[in-house]
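One-letter residues, chain by chain:
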Amino acid sequence: MKAKNQRLTLALLAVVAIIVAALLALSALKDQAAYFYTPSDVAKDRVQPGTAVRLGGMVQKGSLKRLPDGVTITFMVTDNAASLPVRFKGIVPALFREGSGVVADGKFDAGGQFVAETILAKHDERYMPPEVAKNLDGSAMHKSESLKK
Amino acid sequence: MIAEAGLAALWLGAALCLLQLIAVALTVGGKAELAGIVRPVAVMQAALTALAFGLLIWLFVQVDLSVALVFENDSSEKPLLYRFAATWGNHEGSMLMWVTILGVAGAAVALLERKLEERTLLATLGGQAVIGLGFYAFLLFASNPFARLMPVPPEGRGLNPLLQDPGLAFHPPTLYLGYVGLSVAFSFAIGALVTRDVGPAFARAMRPWVLGAWIFLTLGITAGSYWAYYELGWGGWWFWDPVENASLMPWLAATALLHSVTVLATRDGLRAWTLMLAVVAFSMSMVGTFLVRSGVLTSVHAFAVDPKRGSFLLALLFLYIGGALALFGARVGTVREGARFDPISREAGLVANNLLLTAILGIVLVGTLYPLILEASTGTKLSVGPPYFNTAAGPLALILVAIMAAGPLLRWRRDNPKLLAKRVAPAAALALIALVAVKLTAPSISILSLLGLALAAGLALASVAPLWKRNLLRTPLFVWGMVVAHLGIAVSIAGMACDSSFTAEKLVAARVGETVAVGPYNVTFDAVDPTFGPSWQALQATLLARRGDGDVLTLNPQARTYWAPPTETSETAIHTALDGQLYTVLGKQAADGRWQLRLWWKPFVTLIWAGGAMVAIGGALALIGRLWRGRRKPQETWA
Numbered sequence: 001m002k003a004k005n006q007r008l009t010l011a012l013l014a015v016v017a018i019i020v021a022a023l024l025a026l027s028a029l030k031d032q033a034a035y036f037y038t039p040s041d042v043a044k045d046r047v048q049p050g051t052a053v054r055l056g057g058m059v060q061k062g063s064l065k066r067l068p069d070g071v072t073i074t075f076m077v078t079d080n081a082a083s084l085p086v087r088f089k090g091i092v093p094a095l096f097r098e099g100s101g102v103v104a105d106g107k108f109d110a111g112g113q114f115v116a117e118t119i120l121a122k123h124d125e126r127y128m129p130p131e132v133a134k135n136l137d138g139s140a141m142h143k144s145e146s147l148k149k
Numbered sequence: 001m002i003a004e005a006g007l008a009a010l011w012l013g014a015a016l017c018l019l020q021l022i023a024v025a026l027t028v029g030g031k032a033e034l035a036g037i038v039r040p041v042a043v044m045q046a047a048l049t050a051l052a053f054g055l056l057i058w059l060f061v062q063v064d065l066s067v068a069l070v071f072e073n074d075s076s077e078k079p080l081l082y083r084f085a086a087t088w089g090n091h092e093g094s095m096l097m098w099v100t101i102l103g104v105a106g107a108a109v110a111l112l113e114r115k116l117e118e119r120t121l122l123a124t125l126g127g128q129a130v131i132g133l134g135f136y137a138f139l140l141f142a143s144n145p146f147a148r149l150m151p152v153p154p155e156g157r158g159l160n161p162l163l164q165d166p167g168l169a170f171h172p173p174t175l176y177l178g179y180v181g182l183s184v185a186f187s188f189a190i191g192a193l194v195t196r197d198v199g200p201a202f203a204r205a206m207r208p209w210v211l212g213a214w215i216f217l218t219l220g221i222t223a224g225s226y227w228a229y230y231e232l233g234w235g236g237w238w239f240w241d242p243v244e245n246a247s248l249m250p251w252l253a254a255t256a257l258l259h260s261v262t263v264l265a266t267r268d269g270l271r272a273w274t275l276m277l278a279v280v281a282f283s284m285s286m287v288g289t290f291l292v293r294s295g296v297l298t299s300v301h302a303f304a305v306d307p308k309r310g311s312f313l314l315a316l317l318f319l320y321i322g323g324a325l326a327l328f329g330a331r332v333g334t335v336r337e338g339a340r341f342d343p344i345s346r347e348a349g350l351v352a353n354n355l356l357l358t359a360i361l362g363i364v365l366v367g368t369l370y371p372l373i374l375e376a377s378t379g380t381k382l383s384v385g386p387p388y389f390n391t392a393a394g395p396l397a398l399i400l401v402a403i404m405a406a407g408p409l410l411r412w413r414r415d416n417p418k419l420l421a422k423r424v425a426p427a428a429a430l431a432l433i434a435l436v437a438v439k440l441t442a443p444s445i446s447i448l449s450l451l452g453l454a455l456a457a458g459l460a461l462a463s464v465a466p467l468w469k470r471n472l473l474r475t476p477l478f479v480w481g482m483v484v485a486h487l488g489i490a491v492s493i494a495g496m497a498c499d500s501s502f503t504a505e506k507l508v509a510a511r512v513g514e515t516v517a518v519g520p521y522n523v524t525f526d527a528v529d530p531t532f533g534p535s536w537q538a539l540q541a542t543l544l545a546r547r548g549d550g551d552v553l554t555l556n557p558q559a560r561t562y563w564a565p566p567t568e569t570s571e572t573a574i575h576t577a578l579d580g581q582l583y584t585v586l587g588k589q590a591a592d593g594r595w596q597l598r599l600w601w602k603p604f605v606t607l608i609w610a611g612g613a614m615v616a617i618g619g620a621l622a623l624i625g626r627l628w629r630g631r632r633k634p635q636e637t638w639a
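Quick mapping for you: the protein sequence lines, in order, are chains B and C.
Letter 85 of the first sequence, counting from 1, is numbered 85 in the numbering used here, and no numbers are missing.
Letter 600 of the second sequence, counting from 1, is numbered 600 in the numbering used here, and no numbers are missing.
These aren't lab readings, by the way, just hints derived from the structure by calculation.
You may find that some hints are simply not true.
Derived EDC-like pairs (lysine to aspartate or glutamate); straight-line CA-CA distance at most 20 Å [what the hints assert, rightly or not]:
1) B/K89 / C/D592
2) C/K381 / B/D69
3) B/K61 / B/D31
4) B/K30 / C/E33
5) C/K418 / C/D529
6) C/K381 / B/D41
7) C/K506 / B/E117
8) B/K89 / C/E505
Stretches of chain B that chain C covers, calculated by requiring three or more beta carbons in the stretch to come under 8 Å of a beta carbon on chain C [unchecked claim]:
9) 12-21
10) 31-42
11) 57-66
12) 81-93
The following label-pair restraints were derived from C-beta to C-beta distances [unchecked claim]:
13) C/I447 / B/R97: 55 to 63 Å
14) B/D69 / C/N522: 48 to 56 Å
15) B/A43 / C/R546: 46 to 54 Å
16) C/Q62 / B/R97: 50 to 58 Å
17) C/A5 / B/D31: 15 to 23 Å
18) B/D31 / C/A421: 34 to 42 Å
19) B/L64 / C/P387: 23 to 31 Å
Think of the CB as a built atom: it goes at the ideal place given N, C-alpha and C, for glycine as much as any other residue.
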């Protein structure tokens, strides 16, 4: 390397690296970030099937059903203004029950049903995730992941 | 009485810290009358913080419920270890631990560092005092651990059961040692900037602290990952949770710093860049502390929301980072350019390593902070999860691994491309063979895992190559350290790739007596019985697992209920075989009497943490080797 401008070259390389990282980060953010919705939000603006979504609300009383395979459940998530059906295959967190706060990560299928990949349920009083605190009276979350596939 | 003594010790420590700063400022400003007191004051300050922390531990072990913090987080029903560990299992206690480690590290610098020019050393201790003062203020004004409670309650609330785990009891101290070690490196950089004394001597003084911090961060991340794996029962080992990122980001910065400081120490190159990285590394520690301690996060680690504390920490963060960047900007022009090197040389390889690590760090930082900033500014909520991090950082990490394989085979200053190609050829060939072999045996493997396995094979061979034709007994310890650490990365990557591609998973609703096949095992659901422990009761499943005609193994996953505070958790049961782990979780009982069981066969998953441990051991070997050599002869030979 020509000795003169080595510092400049290194500085330029650093700038290029940071720009590449920023571009990678932005494109990945655009495709991969999941926005938080309540059932009312979903009712207002349609969410495309297949988009990663984080759905928050309460498990509607009387809506929790277990399918015959013993590991799949369906329930309604409600924010008292609107409600949506959710399906989840997996072991639900210990604190998941009817009437409790819930955040489900997943996607809508073509039929408009929300298929959850992970379920977070209300934890105890001392942990307050901002998401739930704002939308519900809930607090931190216990998580379960569904069977991938 | 003890609580008041602790608080008094803290105030005294803060006053001494201020004195330390004033003495340093006068000395650097030209009035050297107080120069002599800086070192003794640093040591006294450490003794006072240690005393305050010791008193808090005493209060926790004795369960003194008149102290609010003890009431909130302790319970006399808990075993001694958890009463002890509960001291730092909460906000105030852990911040006191932060300050204590900071104080002790400052004292260690004051007592042990003899090679650095005196003014630079004093300026370094001044930097430590500035950091210390901010955290003293935070403790005394926003998180007093010794606050009393009236009236005294009869029993404490207890510790979150998820945290009642021997591994986790020592997880926060490990990470804090890493964070604080980086603060010392930062102070060295500040000292060097103040006195404009940036050179190999400064780099050699700073290196052990960077290495030490990096070892603890490595251990902390590895242990935290294994904890999440077996305690949470989700079968994963890394969730890109902001709290995990809070420990990963300083690690990435420290890894870059570790490599650039070596260039500065051996070749007197990359001066300004090394200073910048020291600032970045400490900034990441501050960001990490802010994320974990301010309560801005939604995660299992999230602590109570308290905006006052959050803003205080945020102000400290901006003050330190802003101040350091301003100093850097003002002084960097006067730092002379270091030694030059060719585009094909060890230095250039390390520059590439640094650029890639920094780029990955940027990606993780954006993914971690963007949701927080977006929500704070517009109210829009979004979550950024593994898909983002894997797509954005994965490709860069693979390139980094390739460069990592070639790096140690490069010569300092200038290398011949043809000779280099010859040295790299065996590793490249092995990587190619591995690529083809894996693709043929597992055609459906994901591209990231395929490349990961191939590169891991190449990296493993390239890592041990520096030992080739060397007298192994006379090879310096720090070369061994590099070999072991790089090999550890290869081992860890192989584990990650195997786990993500070859894991077999079964989720079933089973009746007692039913048998389920998962991976090479047949698992029979034998029974469910109630059981109990010192602070919980549980339903415990008995699973009989058999592999081929082998012995029958018994696994007992539990669904536990803790009493104080009332919490339900699931305890996994894991069997470790040579070639992987059988991982079992007991779920809920369905109305028809069947039980949910979740079973995984995870081939070679243990390599992930074994690799992490190897990386830390490599770091320890390098640290011992450097210190040993530094003791024997002041002038270092080229590594």
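How the hints compare with the structure:
1. B/K89 / C/D592: Distance ~17 Å between B/K89 and C/D592 Cα, so the pair holds.
2. C/K381 / B/D69: Judged against 20 Å, a Cα distance of about 35 Å means the pair is violated.
3. B/K61 / B/D31: 35 Å, violated
4. B/K30 / C/E33: 59 Å, violated
5. C/K418 / C/D529: 68 Å, violated
6. C/K381 / B/D41: Judged against 20 Å, a Cα distance of about 12 Å means the pair holds.
7. C/K506 / B/E117: At roughly 15 Å apart (the allowed maximum being 20 Å), B/E117 and C/K506 satisfy the hint.
8. B/K89 / C/E505: Holds, at roughly 13 Å.
9. 12-21: Answer holds; 6 residues pass the 8 Å Cβ test.
10. 31-42: It holds: at least three residues are needed, and the region 31-42 of chain B offers 6 whose Cβ sits within less than 8 Å of chain C.
11. 57-66: Violated - the region 57-66 of chain B has 1 residues with a Cβ nearer than 8 Å to chain C, which falls short of three.
12. 81-93: Held - the region 81-93 of chain B has 4 residues with a Cβ nearer than 8 Å to chain C, which meets the minimum of three.
13. C/I447 / B/R97: 55 to 63 Å: 41 Å, violated
14. B/D69 / C/N522: 48 to 56 Å: Check failed, 21 Å falls outside 48 to 56 Å.
15. B/A43 / C/R546: 46 to 54 Å: With Cβ atoms ~52 Å apart, the hint holds.
16. C/Q62 / B/R97: 50 to 58 Å: 38 Å, violated
17. C/A5 / B/D31: 15 to 23 Å: Distance hint for C/A5, B/D31 is violated at roughly 57 Å.
18. B/D31 / C/A421: 34 to 42 Å: Holds, since B/D31 and C/A421 (Cβ atoms, about 38 Å apart) stay within the stated range.
19. B/L64 / C/P387: 23 to 31 Å: Once the Cβ atoms are compared, 29 Å apart, the range 23 to 31 Å for C/P387 and B/L64 holds.
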